[in-house]
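Undergrad: Spelled out from the first residue to the last, the chains are:
There are 2 protein chains.
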Amino acid sequence: MKIVPASEFALKREVEYGSAEQNDRVKRIIEEVRQEGDAALRRLAEQLDGVRVGELRVTEAEIEAAYREVDESFLAAIREAAVNVRRFHEKQMRTSWMDLQADGSILGQVIRPLRRVGLYVPGGKAAYPSSVLMNAIPAQVAGVPEIVMVTPPATAGVEGINPHILVAAAEAGVREIYRVGGAQAIAALAYGTESIAPADKIVGPGNIYVALAKRYVFGAVDIDSIAGPSEIVVLADDSADAGYIAADLLSQAEHDEMASAILITPSAELAEAVRLEVDRQLALLPRRKIAEKSIRDYGAILTVASLAEGVDAVNRLAPEHLEILVREPFQYLSAIENAGAIFLGPYSSEPVGDYFAGPNHVLPTNGTARFSSPLNVDDFIKKSSVIYYSKEALLRDGEKIMTLARHEGLEAHARAIQIRLEKEGNARG
Amino acid sequence: MKIVPASEFALKREVEYGSAEQNDRVKRIIEEVRQEGDAALRRLAEQLDGVRVGELRVTEAEIEAAYREVDESFLAAIREAAVNVRRFHEKQMRTSWMDLQADGSILGQVIRPLRRVGLYVPGGKAAYPSSVLMNAIPAQVAGVPEIVMVTPPATAGVEGINPHILVAAAEAGVREIYRVGGAQAIAALAYGTESIAPADKIVGPGNIYVALAKRYVFGAVDIDSIAGPSEIVVLADDSADAGYIAADLLSQAEHDEMASAILITPSAELAEAVRLEVDRQLALLPRRKIAEKSIRDYGAILTVASLAEGVDAVNRLAPEHLEILVREPFQYLSAIENAGAIFLGPYSSEPVGDYFAGPNHVLPTNGTARFSSPLNVDDFIKKSSVIYYSKEALLRDGEKIMTLARHEGLEAHARAIQIRLEKEGNARG
Chain A
28 MKIVPASEFA LKREVEYGSA EQNDRVKRII EEVRQEGDAA LRRLAEQLDG VRVGELRVTE
88 AEIEAAYREV DESFLAAIRE AAVNVRRFHE KQMRTSWMDL QADGSILGQV IRPLRRVGLY
148 VPGGKAAYPS SVLMNAIPAQ VAGVPEIVMV TPPATAGVEG INPHILVAAA EAGVREIYRV
208 GGAQAIAALA YGTESIAPAD KIVGPGNIYV ALAKRYVFGA VDIDSIAGPS EIVVLADDSA
268 DAGYIAADLL SQAEHDEMAS AILITPSAEL AEAVRLEVDR QLALLPRRKI AEKSIRDYGA
328 ILTVASLAEG VDAVNRLAPE HLEILVREPF QYLSAIENAG AIFLGPYSSE PVGDYFAGPN
388 HVLPTNGTAR FSSPLNVDDF IKKSSVIYYS KEALLRDGEK IMTLARHEGL EAHARAIQIR
448 LEKEGNARG
Chain B
28 MKIVPASEFA LKREVEYGSA EQNDRVKRII EEVRQEGDAA LRRLAEQLDG VRVGELRVTE
88 AEIEAAYREV DESFLAAIRE AAVNVRRFHE KQMRTSWMDL QADGSILGQV IRPLRRVGLY
148 VPGGKAAYPS SVLMNAIPAQ VAGVPEIVMV TPPATAGVEG INPHILVAAA EAGVREIYRV
208 GGAQAIAALA YGTESIAPAD KIVGPGNIYV ALAKRYVFGA VDIDSIAGPS EIVVLADDSA
268 DAGYIAADLL SQAEHDEMAS AILITPSAEL AEAVRLEVDR QLALLPRRKI AEKSIRDYGA
328 ILTVASLAEG VDAVNRLAPE HLEILVREPF QYLSAIENAG AIFLGPYSSE PVGDYFAGPN
388 HVLPTNGTAR FSSPLNVDDF IKKSSVIYYS KEALLRDGEK IMTLARHEGL EAHARAIQIR
448 LEKEGNARG
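In order, the protein sequences belong to chains A and B.
Positions 28 to 456 (our numbering) are the ones given, in order, by the first sequence.
Positions 28 to 456 (our numbering) are the ones given, in order, by the second sequence.
The hints are simulated quantities; they were obtained by calculation from the structure and are not laboratory data.
Check the hints yourself; a few may be wrong.
In this list, chains with the same sequence are indistinguishable; a pair is considered to hold if it fits within one copy or across any two.
[Unchecked claim] With a Cα cut of at most 30 Å, we get these calculated DSS-like pairs of lysine-lysine:
(1) Lys118 <-> Lys39
(2) Lys450 <-> Lys316
(3) Lys152 <-> Lys427
(4) Lys29 <-> Lys39
(5) Lys152 <-> Lys320
(6) Lys316 <-> Lys118
(7) Lys152 <-> Lys54
(8) Lys316 <-> Lys54
(9) Lys39 <-> Lys320
(10) Lys29 <-> Lys450
All chains, full assembly: derive it from the sequences and hints.
TA: Right under this line is the structure:
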């Protein structure tokens with residue numbers, strides 16, 4: 028792992044938007060689903076994945092069978108995680124409000140859940156039960172009455188739907204599940220088919236075809252942000268444990284070859300110790316090849332003159348995950364401007380948040396923490412403004428409203444006020 | 028204006044994504060600004076708009092001069108509107124929270140304003156002072172320390188920057204203003220030039236080149252949603268005044284030829300009376316040609332059997348603006364699922380909200396009220412999750428976290444926990 032001064036480092040990763048060929052393919056798939064519905068879903072599953080799909084919808088019996096297939100330890104852990112995630116997100120709930128003014132007017136903001144949300148869950152090895160919880164529970168807490176999941180029926184090396192995924196879905200309150208994946212699943216959620224009613228929003232990770240399809244249907248439905256490669260930054264002083272830091276960096280690096288793991292420290296001793304620990308622990312990892320490439324291409328140990336300079340470097344990088352492993356971590360919290368999730372102290376290893384503590388693990392990647400937030404309950408609600416103007420208020424403000432409208436050349440706007448003032452016997456202009 | 032049963036009506040308007048030629052042109056402009064900075068801004072202003080720009084930044088003296096150019100009535104009205112808009116948006120503010128758990132852990136959510144927001148304001152006749160307030164004030168209320176405005180120095184028929192725009196900006200607390208418009212202004216805000224520092228988010232309306240440029244730079248910076256054509260739906264019973272309704276429909280129709288104005292009513296008498304009133308009032312409007320085309324192509328009077336059926340039609344249309352002109356308007360509020368802003372009763376004409384009452388006039392268009400909200404303070408903040416796990420909590424939960432990680436095949440995640448459990452003398456696995 029290279030050791031360089033923070034001032035000389037910039038993280039550059041190109042986000043993939045797909046080739047022209049991939050874009051064309053996605054457009055074609057979406058059009059086929061729009062025109063032919065279920066028939067297209069079945070044909071594409073056979074053509075693209077070699078899978079013959081019988082019933083599109085997963086049955087209650089299959090969900091019950093999945094419960095019999097998973098370990099008790101898994102079930103207990105996922106249930107407790109779901110409780111924690113639900114409790115954290117309940118704190119994000121907001122309520123509608125209406126304010127009565129002295130003049131009898133009422134202004135307000137009504138909060139309503141989206142009606143129907145689609146959750147995409149990848150198949151195969153990228154099928155993560157924890158992601159099912161993290162995407163479904165905020166929608167459930169928001170009050171979304173219909174949460175529907177789509178997931179490919181089979182992919183290379185994995186037969187049928189992973190029972191852990193079905194159990195996680197059921198634990199998160201999702202029981203409307205369809206065997207459909209890829210761009211065709213996104214098309215079905217956006218436009219609907221005979222079997223699948225259209226959704227108002229689509230969330231969840233997926234491969235390049237899923238990402239391109241989400242981008243393509245955006246506008247007809249809402250989508251979540253499209254996740255880029257993942258990153259962790261650890262800000263540490265000489266009180267930190269090099270073994271812990273190395274393990275945390277590698278837990279990020281094993282995700283994929285584009286993942287980035289960065290240590291920032293004013294301690295030359297710690298920098299060297301972490302470098303050695305990363306090499307030692309890396310050699311023992313099952314996903315060594317992926318982690319090695321990630322560490323080589325996007326990993327770094329950045330040296331800084333002080334923790335204050337380290338904080339500046341953190342804010343420049345705007346990492347998805349930030350760990351602060353220093354003597355008094357809370358002292359630095361208010362200076363952190365840009366980070367998706369902030370883990371404080373030696374026991375707050377990133378996997379604590381990935382799986383269990385309660386905050387969401389769907390976080391802004393690739394520097395977008397400058398302006399984006401973790402997935403949260405607000406992503407599943409919408410607001411409407413409420414305006415009830417009293418007669419008294421209109422008579423008082425009417426002329427001013429007409430003045431502003433006429434300065435913008437919008438005479439019909441002014442007249443909508445004027446006709447009322449005239450009728451109420453108060454027009455001057 | 029055509030009268031048709033609601034069940035037979037669907038509003039179809041294609042949203043413009045620009046031609047290939049327009050897209051290429053925008054990409055070229057953005058690349059030029061990225062590479063050449065201010066020099067490109069000056070060259071493009073001369074090439075595209077025939078304007079020679081001296082100082083890019085508008086001076087304090089020019090802002091003071093603008094104040095001397097506007098009427099007192101305008102200044103009084105815009106100041107009062109700004110107070111109302113600020114007061115409404117202050118109700119949307121949220122605070123950070125941190126929760127201490129019984130095991131000593133702390134979980135929280137930190138709310139921070141974006142650092143720098145760019146506001147695009149079109150030139151010429153589409154320069155609306157009210158839009159300056161509506162876009163800038165929520166950012167200001169959110170606590171954004173740097174709000175910067177860009178606006179074209181001149182366009183056909185209008186010399187220099189409209190003084191009403193400069194005054195509105197100053198009243199909204201914006202004093203960093205640059206004479207630059209079009210796609211090049213968006214590029215400057217996204218990537219920065221020698222004179223203009225890059226922003227974290229760009230908001231505000233613009234022509235097709237501005238919209239395409241915003242779409243293009245999205246990811247490097249955040250953008251607001253790209254506004255489609257505007258619409259109003261009026262839900263009315265036989266107690267409503269046909270003249271008021273016609274005036275309100277026309278105030279929407281005068282915006283542009285793609286705007287849509289729709290009345291929904293169970294009263295055949297009201298339907299006929301509004302049809303006649305629209306014709307009568309239309310003939311007297313300065314923007315008659317625009318309004319006439321809008322009414323002909325996208326206007327309609329929809330008949331329904333009952334107000335309940337009318338509410339269903341409203342929810343299907345998901346209008347940007349909804350007026351409810353019935354005997355007891357509040358009775359229907361909770362049934363309205365999809366609408367950007369809801370105006371209740373005879374005195375809450377849409378221009379009251381467009382200009383003055385306080386709620387934002389930047390609203391979800393073209394049916395997106397199904398999943399989108401009025402522009403609001405949340406659009407200018409970001410959240411970070413905070414996780415401080417205590418040693419006690421980690422020792423209690425460590426095994427469960429490892430179980431979940433290993434079920435996802437992420438061994439390095441499990442080991443980041445295991446190394447801690449081993450060191451703390453509590454490892455079992």
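Undergrad: Checking each numbered hint in turn, tell me which of them this model violates, lowest number first.
TA: 1, 6 and 8
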